[in-house]
Structures are given as C-alpha cells and as structure tokens.
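Visitor: Protein chains in written order, with this note's numbering: chain A, -7 to 303; chain F, -7 to 303; chain U, -7 to 303.
Don't read these hints as lab results, they were simulated from the structure. Glycine is no exception: its CB is placed at the ideal position from the N, C-alpha and C atoms. One should not assume that every hint holds.
Computed spacing ranges between beta-carbons, pair by pair [what the hints assert, rightly or not]:
1. A:S128 / F:K0: 51 to 57 Å
2. A:K303 / F:I(-3): 55 to 61 Å
3. A:K172 / U:D15: 55 to 61 Å
4. A:G277 / U:K172: 54 to 60 Å
Quick list of in silico lysine-lysine cross-link-like pairs, DSSO-like style, CA-CA up to 27 Å [said to hold, decoys possible]:
5. F:K303 / A:K303
6. U:K271 / F:K275
7. U:K183 / U:K92
8. F:K299 / U:K92
9. F:K61 / F:K6
10. A:K41 / U:K271
11. A:K293 / U:K172
12. U:K172 / F:K299
13. A:K11 / U:K293
14. A:K293 / F:K299
15. A:K223 / U:K299
16. F:K275 / A:K299
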Amino acid sequence: MSKQISFKLEELAKLINGKVVGDTNAVVDNLSAVQNANSSSITFLSNAKYIDLLDNSNASAVVVDINFKEDSRFNYIKCNDPYIAYAQLSKIFKNDSEIKIPSIHKSATISKDAEVHESVYIGPNVYVGPNCKIHSGVEIHANCSLVKDVIVGSHSIIHHGTILGSEGFGYAPSDEGYVKIEQLGGLSIGKNVEIGANCTIDRGALDDTQIHDGVKLDNLVHIAHNVVLGKNSAIAASCAIAGSSIIGENFQMGGLSGVLGHLSICNDVTVGAHTLITKNIEKPGNYVGIMPAQKHQDWAKSSVLIKKLSK
Amino acid sequence: MSKQISFKLEELAKLINGKVVGDTNAVVDNLSAVQNANSSSITFLSNAKYIDLLDNSNASAVVVDINFKEDSRFNYIKCNDPYIAYAQLSKIFKNDSEIKIPSIHKSATISKDAEVHESVYIGPNVYVGPNCKIHSGVEIHANCSLVKDVIVGSHSIIHHGTILGSEGFGYAPSDEGYVKIEQLGGLSIGKNVEIGANCTIDRGALDDTQIHDGVKLDNLVHIAHNVVLGKNSAIAASCAIAGSSIIGENFQMGGLSGVLGHLSICNDVTVGAHTLITKNIEKPGNYVGIMPAQKHQDWAKSSVLIKKLSK
Amino acid sequence: MSKQISFKLEELAKLINGKVVGDTNAVVDNLSAVQNANSSSITFLSNAKYIDLLDNSNASAVVVDINFKEDSRFNYIKCNDPYIAYAQLSKIFKNDSEIKIPSIHKSATISKDAEVHESVYIGPNVYVGPNCKIHSGVEIHANCSLVKDVIVGSHSIIHHGTILGSEGFGYAPSDEGYVKIEQLGGLSIGKNVEIGANCTIDRGALDDTQIHDGVKLDNLVHIAHNVVLGKNSAIAASCAIAGSSIIGENFQMGGLSGVLGHLSICNDVTVGAHTLITKNIEKPGNYVGIMPAQKHQDWAKSSVLIKKLSK
C-alpha cells in the first residue's frame, strides 16, 4: 500500500542520532512491530519487558537502548531513547502521499470574514465561520466545523468531525424555564496543538476558552467554555472538562475522566482513567478515583456495604 | 471583532427591568467579565462570593442584586436577578451578524418528502432525511444529520455535528449472532429545545423517542431509543441515557453520568457528575455516586479494602 | 408515514416460523408496542413480566412463547423465541423506501485510489480517503469520514457522523514536549458489523486495528489504535477502549464503560455500565465496578469513610 522506501542502517542511524552495531550496509524498507517484522524490517524495543518477543522476530534491525546487551541475531541501532527513535522512524517511513498539501477542498464553506493562511489544509465539508483566524501550516480535516471566533495557532491539527467554538452551555434558570446566555467569547488554540476526531470545544461566554501550545487531545473529548488548558497537556478519549476550570501545564488525564467546573489545577497533575476531579488540586501528583471492577456477586456485596457506611 | 453598540445605562436598565444607581447617562459599549472590564464595560455580580473581584475591576457599571450595598466606585444597575439580567444583556450585546437568517445552505441535502418551514436556518452539509418535519424558527447547524422521522418543534436549536433520529441499538441474540431489529419509530423534539454539538439521539423502535419542550442538552450527549425526557430538563456533556427510560420534568444531570434502560425517574431529580443511576427514582432530590478521587497510593489502599468488603 | 402493508396471520406465521392460535385469516397491517396497538396491529410479548400490559391492549394478534397459555382475547402466533420473531417482523414491516439503493451521493468525496464495490451505498458528505476498500452491500451514512487504510467487510453498516481510521493518539514524550508518532497501520472491519453514530475508530500504529465479524457498536463509542475486538461483541453507547487491548468473542459492555490499554480479555466477558476494566480478564463472567448512587447526604458520608479506609 505504501510506497516502499529503502535505507541503509547507517543512513537511518544518522537520522535518529544512533549507532549501528552489526551490518551498517544492511537495507531496510519498512518499520514494523517486533512480532510482524520481515527480513527487511526495522523494529524497536522501547520496554525491556517485551524482550522475549525478539526470540520470534524476523527483523533485520532493532532499535534498542544504549545499555542493551547486543548479540548477533540482529543488526542493532543503539540510541538514547528508542521510543523517540520510533517516533522519528514513523515519520521517515510515512508515505509521502499522506502529507497534506496546502489547499481548501472545494466542498468546504469558508466565511468571507475568516482569515486562512495560504499554507493551511482544509478538507472536505469543513465549515469555517465568521471571525476565525487560521495560522500557517494548520490542518483541518474533513467534516469539522469552526463555528465562530476561533483562532488556531500554527502547525496545529484538527482531526475529522471536530467542532471548535461551539456555544457554551449557559442558561439562567427562571420561573419560565431557562433563559439562554449568548456566548460572546471566542476560542484560542495555540501552536502545535492536536485535537482528535469528533471532539467539541466551546467558545467562551465573555472571555476566550484557551488551549495552550502543544496540547494533545484524543477523540471525543469535550472542553467547556472558559476552560484554560495549560501547555503540553494530554487528555485521553471521551473525557470532559466543565466550564471555567483553569488547568496548569503538563496535565494528563486517562480516558472517560472529568473535571468539574470552576476548579483550579496546578501544573504537573496526572489523573487516572474513569475518575472525576471535584476539588482544586494544589499539589502535583497522580490522582485516581476508580471504583474497582469485580465479579458481579462480589461487587453486589461491596456495594451494599458502601451504602451501609453512611448509616 | 464584534460591532460596537453603545447604550446609556438608563436605556439598559429599562431593558433588563432594573434601576440605575449612579450616572444614568453613562455610556457602555460592551459586556465583560468583572476582571476584564474596561472603562466602557458593563459587568455583573451574580454571586456574592466573587465580590472581591470588583476591587480590581475597571468597569463603568455593574449589575447587582437589589440588596447590594452600593458605593461610589461604579455605576450600578440593581435588579431582582443579576444572572437573568446577564442573560438578557448577552442578547443585547450579541453581534447582529450572528443572527441566523432563514435559509437552507446550498450544500445541504434535504429529502424531497421532508417538510421544512420557511423560517428555518439549515447550515452547510446538513442532511435531512425522509419524513422529517422542521417547524418555524428552528436552527440546524453545519454537519448535522436528521436521519428520518424526526420532528423538531419551533424555535429549537440543533448545534453542529449532531445526529438526530439515528437507529436505536437493537438486536435479538440468536445462535447465529445478533438479529437486527429494524427501528420503525421516530423522534419527536419539542419547542425551545437546544441540543449541543456532536450529540446522538436515536429514533424509537416502535414508538417515538420524545424530548419535551425546553430541554437543554450539552455536547456529546447520547439519548437512546424510546427515552422520554421531561420538560425543561438539562443534561451536561458526555452523558448517556439508555433505552426506554422515562424521565420527569426538570431533570438535571452533571457530565459523564448515565441512566440505565427501562427506568422511571420522577420530576425534579438532580444527578451529580460521573454517576450512574441504576434504579427507579420516586423521590425528588439530589443523587450522587462518585468514587472520590485520591492520591494514587491512598486510592490503592481504599480500593483493596472495598474489594475486601465483599469477603 | 410508512406504506401500509397487510398480512394474514397465517402468512406471517409462516415467515416467522410460528403457529397461529385463533383466526388464521385475521389481517394485520402494522407492528406496534403492546400498549399502543390498534385493532389491526400485531404485537409481541417477549418477557412474561409485561403480561399485564395485555389487559389494556387493542391488538389483533400477539406473538408469544410456545408455552404461553393462550385465551380468546387475542389471536396468537406461538413461536420459539418471540424476541427473534419481533426482529423478523420489524424487517417485514419496515418501509420499502428506507432500503438503501446502491449509490454514491454526489456530495461525497471518494479518494481516487479507494476501492468501492458497486453495491455500496454512500450518503451525503461522506469522505473516503486513500487506500480504503469497501466490500459489497456496505452502507456508509451521511457525514462519515473514512480517513485512510480502512477496509470495511461486506454488509457492514456505518452510521452517521462516524470517523473510521482516524489517527491513533501516539506521542513520545521528550524534553521539548511530545513527538508525534505517525500512524502507519490500518483499520480492518469484518462482515456484518454495525457501527453507531458519531463513533471514532483509530487505525493502527504499525499493525491494523481489527473489528471482527458481527460486532455491534452503539453511538459515541471510541476504539483506539491496535485494539482487536472479537467476533459478535456488542458495546453500548459512550464507551472507550484504550490502545492495543485484545478482546475475545462475545464481549458485551454497558454504556459509559472503558477498558484500559494493553489488556487481554478472554471470550464471553460481560462488563456492566459505567465500569472501568483495569486488569486482564481470564475467566468468562460478569464484571461490575459501579459506585452506587445515593442521596447526596448519604453519599457524602460514604465518601468520607471510603477515604478513611486508606488511613
């Protein structure tokens, strides 16, 4: 499927800042998982606990840690961080045809007062509303909507089906039902941000919602109005962050987790999967709130006793 | 970005049913949060606990509660409910250009036997399938799909990327795998309903799924087939309600929560975030089922002990 | 709304492999729920606990279990599994106009190196990217994106707004922030699979993500890269499965639940709603991890005591 590209190991070692142990002239033409490698594959070992998988691998070459005790079964490239080397190799072996050429697909609808840099890629059926500004090198993939007042910083990527700048969920309760609060703020997305597929990020009520540089969101993530999400944070799939929470740098959150609204979370906090944060966090660290899964009959007993705790 | 609109305080006071204390002729041209206000801003104080924020505010005028003890730092508009006043002001300061003019975008696909009122706005790339009926003043934003047999009541708003009338999840298990149950019902959405972005609401299996007047759904909410969701209910992001549950009026649910199928929930029930309702609820009140988040090492201990409870 | 179609009970009994007790010549023209049936309806009783609903039903005929003790109130069709009979009847009474004719909507964007079988239906605003292969009888509904390297097996159905083959969430952490890992694998979907609305299924990092034959996913489900999901598994709405987990056949999972990454789950496992699986599962059975919902004041007490468990 992909265009085959061949490299001598010495070439690759130069590109990933490593050192060949074995045949520097050996040629590889694909990057594979250890167990699926063939005789012209390069693979990698980033975690010592998977070392036994090498026993059945047909790879030509393996990227390993600098301290790995090599043998003669494979050619090796030793480097400081084999996982970063893998990331670099993934780019080298990416098919050229996948690289997005700057263009606006003819089926996209771009508001006349949106500003789109000439180096931007905009895919099929994308809608870009009024007052949006899209900086250089951005990719906005098929079926996304940028509603209004959205700024996307340079080299950020918005994956398919994602909605940016949607209306925040704001109503004032009254005797006659809810009175809608118009959302007058915008959404500001920094540089090198990546937003997964089918996400929703609301624009602010009065001020802007802010997603800072280097943030990475997985698929189906919701970010409410007026959230500030700090630099280099990473959030796994199906999480939700409620309105006006201010979150520090390097925040990480496992899937299906949430943060209540109007909270303040310091830098360097990690939250486990399927956990809800209900209070401010002032100390960096790892926070978890999972109810452990058990066989149904055991859970039923634990569950009754948890309820009894309150009596 | 927005068109500037100027008002004397006495004009605004009339529009929001309040009373000016201070300079009735003072002119404001924008609505801002307390901390970002400038010398021509009007802002509001809806919760006494944020009163200290006024100390550093540059606002010209502040909307406050009728009982607020005013001083000479700002002009004030006193009114019964400053939060409702804020909602009213948000509409006044909304940019005219945001108001959706009745129209069907040329990229939309409307089934020939759908009925669309002439006052409806339908955005880019919307699909409206057979037997849909869309009443007056409705907005259906970009990239939505109304699959089939969907009625949308007047003045309801469907935000971007939402799917209405999707097939319910129905299969009869058999020895040869699942046998699909065709979904023959429809979806009936009342008046003044608002559905967030990237939601999914299934049509019924035999009868209709029903979303009653005044319901508000945030983004990424799922409502399964044959659910009945009572008047003026409000559901936060990333919730899911399973099939055939019948839910009363004024239901409120925090984010990432769920309701199992075939349940009955009375009027005036509030459910916290990240909570699952597994039984019928017959008494109004506030229900919560969150496993508290802790530092990882503490959680690990609690978790072991919860499991031991069952022994 | 639907075309009326009339059947004698003896005709229907033949089609669903049942036996009429009562008037074999009675004519029915619609399939309804017990409580909404009219004098020309056929309905069904698949669970004895709903038997009292028959007291107020106006149905002409009722599909019942072979052991049901019939009376003279209704005509009956007795059969081995009334729920499967209902599924069969739902197909019989489905409006012909709903059947999707093979076609590619003119607003769809199909990559020139995608292979689409002539019997496929592709709806409005669908994007099909490079190296996709879509087999016979597949339906891909409006506003879906198939990003790249996606194979869809015959007679599978992809509902509206779903993203297949999206980029997996892969980054190598470095001192300068995250280094993106290009996703070089594909996504392979088997036969007779059904994927709900607004789902996301990532393609693999190096190998393929695999969804095996007969899998059924509800709406808003996320499947991460390199997951293998076994034959005839069924996953309810708003669930998420993290990367590289290998899941056996007949897996079932309630809504809002998740599976952590790199786990192995045997065949015939059922997981309750709002539960997180954090460990390998080696024994078939029913696993649950719900924190029970309580009145707020009771929950507050339980919650404090759960935290104390760790002291």
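Visitor: Now look at each hint and say whether the structure bears it out.
Guide: Cross-check of the supplied hints:
Between S128 (chain A) and K0 (chain F) the beta carbon distance is about 44 Å. The supplied range of 51 to 57 Å is therefore violated. Distance hint check for K303 (chain A) and I(-3) (chain F): the Cβ-Cβ separation is about 59 Å, which falls inside the suggested range of 55 to 61 Å. Taking 55 to 61 Å as the suggested C-beta distance range, the pair K172 (chain A) and D15 (chain U) conforms, at roughly 56 Å. The hint said 54 to 60 Å for the Cβ distance between G277 (chain A) and K172 (chain U), and at roughly 27 Å that hint is violated.
For the suggested pair K303 (chain F) and K303 (chain A), the alpha carbons sit about 20 Å apart, so the restraint of at most 27 Å is met. A threshold of 27 Å between alpha carbons decides the hint, and for K271 (chain U) with K275 (chain F) the separation of about 38 Å lies outside it, so the pair is violated. With a C-alpha separation of about 18 Å, the suggested pairing of K183 (chain U) with K92 (chain U) holds against the 27 Å cut-off. Annotation: proposed proximity of K299 (chain F) to K92 (chain U) is violated, straight-line Cα distance about 51 Å (limit 27 Å).
This hinted pair checks out: K61 (chain F) and K6 (chain F) have alpha carbons roughly 21 Å apart, not beyond 27 Å. Of the supplied pair hints, the one linking K41 (chain A) and K271 (chain U) holds, its CA atoms being roughly 17 Å apart against a limit of 27 Å. Only pairs whose Cα atoms come within 27 Å are accepted, and K293 (chain A) paired with K172 (chain U) is rejected, the gap being roughly 45 Å. Among the hinted pairs, K172 (chain U) with K299 (chain F) is inconsistent with the structure: their alpha-carbon atoms are about 39 Å apart, more than 27 Å.
Simply put, K11 (chain A) and K293 (chain U) have alpha-carbon atoms about 60 Å apart, too far for the 27 Å limit, and the pair is violated. Of the supplied pair hints, the one linking K293 (chain A) and K299 (chain F) holds, its CA atoms being roughly 9 Å apart against a limit of 27 Å. For the hint pairing K223 (chain A) with K299 (chain U), the CA-to-CA distance comes to about 32 Å; that exceeds 27 Å, so the pair is violated. Using a Cα cut-off of 27 Å, the hinted pair K275 (chain F) and K299 (chain A) holds, with the two alpha carbons roughly 18 Å apart.
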